[in-house]
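Enquirer: Sequence:
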Amino acid sequence: MPPSPPRVIVSRSRPPMVALAIAEALGADLVEMGSAGAKVAAVVQGVADVYPHAGGQYEWDSCAPVAVAVAAGLHCSRIDGAPLRYNQPDPWLPDLLVCPPHLVDEILAVTRSAFY
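Counting in my numbering, the final residue of the sequence shown is number 116, and the numbers go up one at a time with none missing.
Note that these hints are calculated values from the structure, not bench results. Keep in mind the model is a prediction, meaning the values are calculated, not measured. Treat the hints with care, since some could be wrong.
[As the list claims (entries may be wrong)] So the derived label-pair ranges between C-beta atoms look like this:
#: 1; residue 1: Asn87; residue 2: Asp29; range: 27 to 37 Å
#: 2; residue 1: Ser11; residue 2: Arg112; range: 14 to 24 Å
#: 3; residue 1: Pro94; residue 2: Ser35; range: 14 to 24 Å
#: 4; residue 1: Arg14; residue 2: Glu59; range: 17 to 27 Å
#: 5; residue 1: Gly46; residue 2: Ala67; range: 15 to 25 Å
#: 6; residue 1: Asp105; residue 2: Glu59; range: 23 to 33 Å
#: 7; residue 1: Pro89; residue 2: Asp29; range: 17 to 27 Å
#: 8; residue 1: Asp105; residue 2: Ala38; range: 33 to 43 Å
#: 9; residue 1: Asp90; residue 2: Ser4; range: 35 to 45 Å
From the three backbone atoms N, C-alpha and C, an ideal C-beta is built for every residue, glycine too.
Construct all of the structure, not just a fragment, from the sequences and the given hints.
Expert: Shown next, in the form of structure tokens:
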């Protein structure tokens, strides 16, 4: 059986352009879901493959889910590949990427060329 296309997880109400660009580049399907924690958990569980978030969020929205994802062996960074930095004076995180390591290079090629 051929492998299924990757699944990019997005918000129900407002999928970010970066997620749409990644989905197009990977030939991926979009999966709609609610909270940031649920989206990261979906990647951890294999229900989705990529969670790109570019709308910004506070660090408390993603710090615990990202810790679980890192412990599960997933790649977690900003959408340009820069490290996520928590416990900063300004708790706002502009973007987030969670995915399996084997997809990182392909995703970062898209995000770096399209958005930076």
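Enquirer: Decide, hint by hint, whether the structure agrees.
Expert: Taking the hints in turn, this is what the structure says about them:
| no. | hint | result |
| --- | --- | --- |
| 1 | Asn87 with Asp29: 27 to 37 Å | holds, 35 Å |
| 2 | Ser11 with Arg112: 14 to 24 Å | holds, 23 Å |
| 3 | Pro94 with Ser35: 14 to 24 Å | holds, 18 Å |
| 4 | Arg14 with Glu59: 17 to 27 Å | holds, 20 Å |
| 5 | Gly46 with Ala67: 15 to 25 Å | holds, 18 Å |
| 6 | Asp105 with Glu59: 23 to 33 Å | holds, 26 Å |
| 7 | Pro89 with Asp29: 17 to 27 Å | violated, 39 Å |
| 8 | Asp105 with Ala38: 33 to 43 Å | violated, 26 Å |
| 9 | Asp90 with Ser4: 35 to 45 Å | holds, 39 Å |
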